[in-house]
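**Q** One point on numbering: in UniProt numbering, the residue at position 212 of the sequence shown is 212, and numbering is uninterrupted.
Think of the hints as simulated: they come from the structure by calculation, not from any bench. Among the hints, a few may not be true.
[What the hints assert, rightly or not] Once the Cα atoms are required to be at most 25 Å apart in a straight line, the calculated SDA-like pairs of lysine to any residue come out as:
1. 199 with 104
2. 115 with 206
3. 93 with 170
4. 199 with 170
5. 206 with 147
6. 199 with 62
7. 205 with 113
8. 199 with 125
9. 194 with 205
10. 205 with 170
11. 115 with 146
12. 194 with 104
13. 199 with 117
14. 199 with 107
15. 115 with 156
16. 194 with 109
17. 206 with 152
18. 194 with 141
19. 115 with 144
20. 199 with 116
21. 194 with 127
22. 199 with 100
23. 93 with 69
24. 205 with 53
25. 93 with 144
26. 199 with 50
27. 115 with 50
28. 194 with 150
29. 115 with 104
30. 93 with 140
31. 115 with 149
[Unchecked claim] Beta-carbon label-pair distances, calculated as ranges:
32. 77 with 103: 40 to 50 Å
33. 55 with 135: 20 to 30 Å
34. 139 with 102: 22 to 32 Å
Beta carbons are placed, not taken as given, at the ideal position from N, Cα and C, and that holds for glycine.
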Amino acid sequence: MTESKCPISGASSTSESKCPFTGPTKVMSYPNAAKANDKGIITGLTNKRSSDGMGLPDAISPSNIDLIVATAPVVAPRMLDITKCFYTNVLGKHPELLQFFNPAHNVPVSDHQPKALAASVVAYATNITDLSPLLVPGGAVEAICNRHVALSLYPMQYVVVHENLMNAIGEILGDIVTPEIAGAWSEAVLFLAKVFIDKEEAIYKKIEEREGGWSG
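Start from the sequences and build out the full structure, keeping to the hints where you can.
**A** Given below as structure tokens:
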């Protein structure tokens, strides 16, 4: 019988406390965030552009940052599988989201969109201890936010993304995703959602302030 080793610490068994994957079979545990409405997530939720009242974290806890740093080397090589699973599931559950994507660039036809999302998530995890390279004017976050504003996305759609991305992580990685690891990645995804929502709200306000401006 081959002895199993922790992919991070090199521990001879994931039962050893120094292994970050130590713990019982995964249980998806998320911070207290607003729940997605199954009916009409595009038009039926709210026109609110603010993250206020959504229960999103203002920061990632130091312990969760440590967990992201520790587990990113294992998660990153599987990220394309995770994002392909994510798009398959979220577009299957919410076909109204198809309008935001070029079908020629997404599953099952192409890996273009899953690769783009995978690269973004890996970049986020890689910079989790210092996000400033991603937040500079004209940087990755601003570019993504401008695209989202052009598509007129709503804050509650980030809740749908969070739910389905976390489920995809659990589906692809299986039992190595302990409650602690799930909680760390969940908080990181929700914090990034707040960053996007707040930045996009500021962009909408600038548009509204222009003569003849609008907010979609």
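**Q** Against the earlier hints, flag every one the structure doesn't satisfy and list their numbers going up.
**A** Hint check: 1, 2, 4, 7, 10, 12, 14, 16, 23, 27, 30 and 32 fail, others pass.
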